[in-house]
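Asks: Take the sequence shown: its letter number 75 is residue 75 in our numbering, and every next letter is one higher.
Source of the hints: derived by calculation from the structure; they are not laboratory data. Check the hints yourself; a few may be wrong.
In silico SDA-like cross-links for lysine to any residue, where the CA-CA straight-line distance does not exceed 25 Å [said to hold, decoys possible]:
no. : residue 1 : residue 2
1   : Lys76     : Asp106
2   : Lys137    : Gly17
3   : Lys76     : Pro128
4   : Lys137    : Gly21
5   : Lys146    : Arg109
6   : Lys74     : Glu61
7   : Lys50     : Ile9
8   : Lys31     : Pro107
9   : Lys137    : Glu104
10  : Lys224    : Val10
11  : Lys137    : Val82
12  : Lys30     : Lys92
13  : Lys146    : Glu7
14  : Lys137    : Gly49
15  : Lys92     : Ala108
16  : Lys147    : Ser173
17  : Lys224    : Leu145
18  : Lys137    : Ala79
19  : Lys24     : Asp106
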Amino acid sequence: MAAELPERIVTSLAFTGRGGGAVKQLAGFKKSHHSVPDAANATTNAFLGKICETELAEEAERLFQEVRAGLEYKRKDIALTVTSPLAVLTAKDFAVEVLYALEETDPARYAVTTTLRDLRDLETAQRPEFARIMAGKFTEITLGLKKGVRVEAVIDAIEALEGEGGIGVEYPSDCRECTVRVEGVDAAVRCTGMSLEIVFARGGGPAELLAALAAVREAFQISKALAGMIA
Numbered sequence: 001m002a003a004e005l006p007e008r009i010v011t012s013l014a015f016t017g018r019g020g021g022a023v024k025q026l027a028g029f030k031k032s033h034h035s036v037p038d039a040a041n042a043t044t045n046a047f048l049g050k051i052c053e054t055e056l057a058e059e060a061e062r063l064f065q066e067v068r069a070g071l072e073y074k075r076k077d078i079a080l081t082v083t084s085p086l087a088v089l090t091a092k093d094f095a096v097e098v099l100y101a102l103e104e105t106d107p108a109r110y111a112v113t114t115t116l117r118d119l120r121d122l123e124t125a126q127r128p129e130f131a132r133i134m135a136g137k138f139t140e141i142t143l144g145l146k147k148g149v150r151v152e153a154v155i156d157a158i159e160a161l162e163g164e165g166g167i168g169v170e171y172p173s174d175c176r177e178c179t180v181r182v183e184g185v186d187a188a189v190r191c192t193g194m195s196l197e198i199v200f201a202r203g204g205g206p207a208e209l210l211a212a213l214a215a216v217r218e219a220f221q222i223s224k225a226l227a228g229m230i231a
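Working from the sequences, and respecting the hints, build out all of it.
Replies: If you want it as structure tokens, here you go:
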């Protein structure tokens, strides 16, 4: 079960969602005074931090109120810190970070990255109230691996299966990472050596992503080498 991730192997668990838009559409962007950034660097991201204050504050406050009311937290159970371009909601059972940053390849646009981390226990993700608040917010789940794995060994183990179990693998020539696909799971599993990142085609809640993780773990049982990664 995903709720029983082995601490001897997995050091961290995070859920990530991504969004964004055009810089000139932000409330703080004044067409008569401002220019759209043509590069992403410390200076232009500081500028973004100023012009996205309204959107970030509203989004963070909305999340705070949804979590506070939906999970019936008291004042001492939850806190919100907003220092644009970053907002951090710290609750007794988890934390959520919302970060605005310019797109590296298209600085006329900004990216919004929402990260859920520090879940006290995975049963929290199964609560109906939590599921409603977090529905559709995330497209990635990342497992930090305590000892790491050799990407080449992962590739060799999968290729040795020759398609058995519906598991396939793709990788660049330098084998710096590999992408594993599991039949029946609508996601790509990216192995970087120190982490496993499961990337989905559409947004979902933490419980949905954990269910897919359980399916990946089950598929990996076909190989002792693969099972040792997250089983």
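Asks: Could you run down the list of hints and mark each one as holding or not?
Replies: Evaluated hints:
| no. | hint | verdict |
| --- | --- | --- |
| 1 | Lys76 x Asp106 | violated, 41 Å |
| 2 | Lys137 x Gly17 | holds, 6 Å |
| 3 | Lys76 x Pro128 | holds, 23 Å |
| 4 | Lys137 x Gly21 | holds, 16 Å |
| 5 | Lys146 x Arg109 | violated, 35 Å |
| 6 | Lys74 x Glu61 | holds, 16 Å |
| 7 | Lys50 x Ile9 | violated, 41 Å |
| 8 | Lys31 x Pro107 | holds, 16 Å |
| 9 | Lys137 x Glu104 | holds, 22 Å |
| 10 | Lys224 x Val10 | holds, 17 Å |
| 11 | Lys137 x Val82 | holds, 20 Å |
| 12 | Lys30 x Lys92 | violated, 39 Å |
| 13 | Lys146 x Glu7 | holds, 8 Å |
| 14 | Lys137 x Gly49 | holds, 22 Å |
| 15 | Lys92 x Ala108 | violated, 37 Å |
| 16 | Lys147 x Ser173 | holds, 24 Å |
| 17 | Lys224 x Leu145 | holds, 17 Å |
| 18 | Lys137 x Ala79 | holds, 20 Å |
| 19 | Lys24 x Asp106 | holds, 13 Å |
Consistency note: the structure conflicts with the earlier hints numbered 1, 5, 7, 12 and 15.
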